[in-house]
Structures are given as C-alpha cells and as structure tokens.
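J.: Modelling step: build the complete structure from the supplied sequences, incorporating the hints.
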Amino acid sequence: MEFLKEFRNPMRARHLLDKIRQTVTKPTVLMEVCGGQTHSLLRYGIDSLLPPHVELVHGPGCPVCVTPMDVLDQAHRLAYLPGVTVFTYGDLLRVPGTQEDFLSVQAKGGKVKMAVSPLQALEWAEQNPDQIVVFLAVGFETTAPAHAAVLARAIEKDILNFALLVSHVGVPPAIEAILKDPDNRIQGFLAAGHVCTVMGLESYYPLVQRHRVPIVVTGFEPVDLLQGILMAVELLEKNEFQVVNQYSRCVNSEGNPTARALVEQVFEVQDQAWRGLGVLPKSGLKIRAEYAHWDAQLRFKSELEILESATGIKLGSVQKAQCHAGEVLTGKLKPPACPHFGKECRPDSPLGAPMVSTEGACAAYFSYHERSAL
Amino acid sequence: MNWTCSFPLDRYPVITLAHGAGGKLTQSLLDQIVYPAFANPALLAKGDGAVLDVGSSGASRLVFSTDGFVVTPRKFPGGDIGSLAVCGTCNDLAVSGAEPQWITLAWILEEGLPIAEWVDVIQSVRTYTQAIGVQVVGGDIKVVERGKGDQIYLTSSGVGSVYRQGLLGSSTLAAGDAILVSGDIGRHGVAILCAREKLAVQPPLQSDCGHLWPAMKALLDAGIRPKVARDLTRGGLATCLIELAEGFDGAFDILQEAIPVADEVDQVCELLGIDPLFSANEGRMVLVVQASDQVRALEILREEGLSLFAKKIGEVVAVTRPEERHAVWLRNSFGTRRRIWRISGEQMPRIC
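Residue numbers (our numbering), protein chains in the order written: chain A, 1 to 374; chain B, 1 to 352.
Hints in this document: simulated from the structure, not taken from any laboratory.
Heads up, a few of these hints could be off.
Some but not every residue of chain B turned toward chain A, in silico, with C-beta under 8 Å [unchecked claim]:
#1 TYR153
#2 THR155
#3 ASP266
#4 GLY273
#5 GLY335
#6 ARG337
#7 ARG338
#8 ARG339
#9 GLY345
#10 MET348
Calculated lysine-lysine pairs in the BS3-like style (CA-CA distance at most 30 Å, straight line) [what the hints assert, rightly or not]:
#11 LYS26/A <-> LYS238/A
#12 LYS26/A <-> LYS301/A
#13 LYS75/B <-> LYS198/B
#14 LYS75/B <-> LYS111/A
#15 LYS113/A <-> LYS148/B
#16 LYS113/A <-> LYS142/B
#17 LYS312/B <-> LYS113/A
#18 LYS198/B <-> LYS148/B
#19 LYS75/B <-> LYS113/A
#20 LYS312/B <-> LYS5/A
#21 LYS75/B <-> LYS217/B
#22 LYS108/A <-> LYS148/B
#23 LYS332/A <-> LYS282/A
#24 LYS148/B <-> LYS111/A
#25 LYS157/A <-> LYS238/A
#26 LYS157/A <-> LYS198/B
Here a beta-carbon is modelled for each residue, glycine too, at the ideal position from N, C-alpha and C.
T.: Here is the structure:
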C-alpha cells in the first residue's frame, strides 16, 4: 500500500463525503486538534466540501503557537551570550518574541543554528566543546521522546556543554480546558494522530466519560480526515461517546511504552503556561531535579536575570496585544474573522506565532485563502 | 582533449592570501589549472577582456545573464557548485531562447581551501561547459581571509545569441495556451536539504542539476517557438508560475495531479513537511506553447532522453473578474481549487 496516494484518493474522498452527507441530521461542531490536520483540511479544500451542518473548529495543536513568549525571549537572549549557541527547529526561526525573532538575532551576531533533529545539536556540542549548546525543546507528546532520548544520551556520555530549554505540553489538558469553558460549542474531537503513536488512547477515556464527547484518533491525509469526521458524526448521531481509532495504521491503543518510559526517566509533569490558554495544571514537562545541569532555565537563571535588568524589558512582557492567538487556538475565532488577518498580520510580518508557524491556523488560512469547491 | 592538472599540489596544498594578490601565485593557478582546463582562443589571448566574434553566429540579438552561487554543501548528490554555476547561467540563456556561448567565472576563495578541492570544482565546470560547447572566456580570482568566506563563492556571467527567432514573448499569451513542465519538480531543494542536514536517505536524493539548452534547441529546430519559458530555480514551480502570471492579465489553471513529482521526492517532502511545489530545481523549465504545438512539443521533449517526464500541467485561461487577473489556480481531483500565493522566506522542516 502506498500511504500517500491511497489516502489522497479522490474517489475514496468523494465516497466518504457522500456518507457524511447521508448520515448527518443536525448541526455538528467538531474540533481537529492538530495544526497539521488544519493545514490538510484547508489545503485540499475539505472544509468547502463538507455539508453545511458540519463545522470544523481549529484546535491548539500547534507546538510553536502555544510556546509562551517568555520562553522564546529566553532563547533569543541566550543566543547573544558568549560561549552559547542556540539550536532550534526551523519552524521557530521567524516567530516574533518581545523584541525580535531568531533570524534577527542571528543577523545581529547571536549564535543560532537550525536543527532538523535534536541529535544534530548534541553531535555539534561534542564537536565544539568550547560552546554550550542550548536546544529549544518544544512540542507535544510527539517530540518529547526524541528530546528525552537526546537528554538521556547527554547524561550517559557526560556531555556537559549541552542543555535543553524545555517547553513541552500535552493534548488532554488542553481538551479538558476547552470542554470546561462555559461557552464551549465543540461536540467531538479529531485527536492528533501522531501524539497518539506515543501516548495510545488511554488518556482520552477519562475525557470521554467526564464530558460525553466522542474522540476519534485521526490521521492527516484527506481520506483520514474525512473518515475521522464520518466516525465522529456517526457516534454523535447515535449519542454514543467513545474513543475510536481511525489512524490504526500508525496508532495502537497502547501507544509506545518504551518512548513513554524514556520520557518519564528524565522529565516530570508540571503545571505549564500555554500561550493563549494560560496555565493548565499538569499539562507540561520539566527536567527532573537530578538532571538540573542540563536544564537551561536553571543553568542560565542568573544570566537571564542580569540581561532582564540590564535591558529593563521583562521577558515575555510585551504581549502583542493585537494578536488574538488565544481565541484562535481555542477555536473561538476563525483567523479570517480576526481584524488584523491579512492586514497588519501576514506571514512576512506576523503579530504572533499562528501566522508564521507551518502548523498555525492563521498561516493555513493565509496560504490557502481563495479556495472553493468547483 | 584530456586535461591533467599540473599544479604542484603536494608543495602548495592550500589557497593562501598570496594566491589572490595578482602576482606569481595567482598566475600559477591560471597557468597550471585554469588555462589548461578551459583552453580556447579567447581565453588564451589573456587580454583584460575577451574579444568575441559575434558575427560568426549570425545573430542580431544577444542575451546576457549573471548569477551568484554560495551553495552549502559545496558538493551534493548530483552536482556541485561548479555544475550549478554553469547550468544556472546557461539555463537562464536557454529559456530566453539563446544558445549559450561564452561564460566568465569570478571566484572568491577562502584562505585555507585545499587547492585539490578547487580543482575538483574546475573539473566539474569543464565537464558541464564541454557538454554543450560553451566556452569559459574570462574570470577572476580573489582570496579572503579564513573565516570571511564559506570556502568557495562563485559568480558566473554568460552570453548567448538568440537562436533562430527565439521565443514569441509574453505579450502573445492567450487563453488555451498549454503550460508544460520539462520534468519532475522539487528535486534540487530537497537533495540539498538532505545533504546539508545529513539526512541519510537511501539511496541519496539526486539534484536535477542539468542543462536545458538541448531541449530548447530541439524545440526551436522543430519550428516550435514557446511563448515564454522560465528556468525553475529558488522558489520552485509555484513561485515561477506566480511570477509569470504577474506579467499577464489572464490567469493560469493548473491541475495538481498533473504535476510530476518523483515518489522519493514526495516521500522526503512528506517527512519534512516541505511542499515540493516551492522546492528549488536546477535543471527544469516551465514553458507555455500555443495549444496546437503542445503534442509535438511534448514528443520532442521526451525523445532521446531530453525530458522523459515532460508533461502538460495546465492552461492559460481568461478571467471574468479583475481581481482574478494574475491568479495561479491549483485544481485537484477532489473537486476544489485554491489560489497559490508566494511564500515568505524559505520553507522550514516541520517539527512534528
């Protein structure tokens, strides 16, 4: 089976659309959690093909978008420190912090390098012992095992010129926060498929029981999304509330216990600030105390405090008041309805992360605006 | 003619600042490497400028193009900075309807560069210039201090004479014209990304670095005059179509499924979150021909291995509303279409 072509097959897609049309009888509001799913929906114009009863609301599953501003600011400032080189995923290079983005930092002499994999940062640290490498480790449960593996390797090999600047979040607490909102309209969720390759289905059962919503673990190709939507619609029409797995070619119910064990070895759960959602309890990760040497926020605490008092600008303090990231990330505002969309806020001059990240909903609407069914 | 490098590499293995000073050491690079590699009368006259006999080509119009090359890594699967510099400039001439005839090469070399590695690039330039008979008629060598350059920066400038009557021009674009692409797209950008980030794709993804002149010449020889043609480089097919459409009051209608993308390019793009439509190419062109020429044009492109995967990807269309002027529409078999827009900056690999 060719996973790309089979799950982009137009005949299959049309068949699923027909079934959705035949099944849905009432207004249905679903949230697709992951930014990659949002992009796929818009890129293929699936939102314009769905029957009017079915509305898709875009969720907070964009790791760049939910990274708090003060973490970005810390990373930017560390890049200016003598003897420090910051490695980051490419997706974060253009995200604006309080004063600037990584590309500006680099142009002004800060040491910034792009990594496709965190292993590249660790290897570079081994080859350049005169530099302390700080890797900006962001993401959901999908990327946590890779960061844990790199940290474990640094600890095992005693690579001391390496640290992680961690901003990790988990999906279920975000879904909980959305469902607890008194204005919530979401009736069902398409859960992020790749998160579930690590976590399995376990953490969604309590949500389904407490809030009586269907949660469908869904992939990213157009046929995946349509199949996930159909499964959610079928459950809602029957008033059945379950966790079901559409993405079974990649996800099994246990997930990846080895990956989770690795994460637990070096990280522990903590309350976490999310950009746009505030602090959610037990929704993030921090490095365990015994590995504090590799925790950049502890290691560079005094340097960052000195920089803050020298510049007089508190980290994360200058919020782009105009950026409505919080409302976009919780599905309360569709990007085109934002007063700044396409005007002051564009990919080359973003007010916030959702307009510049490859998984940001605003970036998706901007890239794919002017799309329609033929 | 065979060429062997007679430069005493074992005694002088690296480039030093003295090699850029214009004195004996510079001359030794020219005498023992450059002149033997590219021997031709204009170059060997060793004047400050190359005196070129334009009259012998019979052309009344020339095309002149220049490009700078800073690629990292310098050598990658399917090419190196030398082949890029030759193909890049010659392809700009070819898609302008000109036969590439003469190029110059301005080198900025970093102190400490192993000369043997520079000789490898010279060899690559020699191979690619000889492939289509273009002559290296001049150049320059400068050397910068260690740390002030990325080993080799190269600028190539080229001149060619318009072949037969060349292209018809963008003012002739009309609804119904066929939009063709000469082969599978997006290769070079992804090959470079894999090489730069040391992503161990097996087998390694090859760049599409190559000449477009043979294919363009075959079309012109057959009496097919493309209306416009563009060499797909940075920004990929999508950016090229957007630029073409900006110079035209109609629109382009492209079928997504018709765009040829090799499976391995598609798969690596999927892994990294890169869109092949915006990924760079270095040996592909898009061309617009009148509808009556499209079948024959594709036959010619596919013959003799010139462009095996050449395809028609869309058509020029008229617009009914002014805001649709210059649009590039991408239709898909799902029954939707979307307008393609420029992206800002480079594509970045996706996090997850």
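J.: Work down the list of hints and note, for each, if the structure agrees.
T.: Hints and how they fare:
1. TYR153: 19 Å, violated
2. THR155: With Cβ-Cβ at 23 Å, over 8 Å, it is violated.
3. ASP266: 6 Å, holds
4. GLY273: 6 Å, holds
5. GLY335: 5 Å, holds
6. ARG337: 6 Å, holds
7. ARG338: 4 Å, holds
8. ARG339: 4 Å, holds
9. GLY345: It holds, given that the least Cβ distance between GLY345/B and chain A is near 7 Å, below 8 Å.
10. MET348: MET348/B check passes; min Cβ-Cβ to chain A is 3 Å, inside 8 Å.
11. LYS26/A <-> LYS238/A: 12 Å, holds
12. LYS26/A <-> LYS301/A: 54 Å, violated
13. LYS75/B <-> LYS198/B: Measuring from Cα to Cα gives roughly 13 Å; hence the hint holds.
14. LYS75/B <-> LYS111/A: 25 Å, holds
15. LYS113/A <-> LYS148/B: Holds - the C-alpha atoms of LYS148/B and LYS113/A are around 18 Å apart, at most 30 Å.
16. LYS113/A <-> LYS142/B: 29 Å, holds
17. LYS312/B <-> LYS113/A: 40 Å, violated
18. LYS198/B <-> LYS148/B: Since the Cα atoms of LYS198/B and LYS148/B sit roughly 24 Å apart, the hinted pair holds (cutoff 30 Å).
19. LYS75/B <-> LYS113/A: 21 Å, holds
20. LYS312/B <-> LYS5/A: Since the Cα atoms of LYS312/B and LYS5/A sit roughly 21 Å apart, the hinted pair holds (cutoff 30 Å).
21. LYS75/B <-> LYS217/B: 29 Å, holds
22. LYS108/A <-> LYS148/B: Answer holds: LYS108/A to LYS148/B is near 16 Å, not above 30 Å.
23. LYS332/A <-> LYS282/A: Roughly 24 Å separates the two Cα atoms, so the pair holds.
24. LYS148/B <-> LYS111/A: 16 Å, holds
25. LYS157/A <-> LYS238/A: 55 Å, violated
26. LYS157/A <-> LYS198/B: 22 Å, holds
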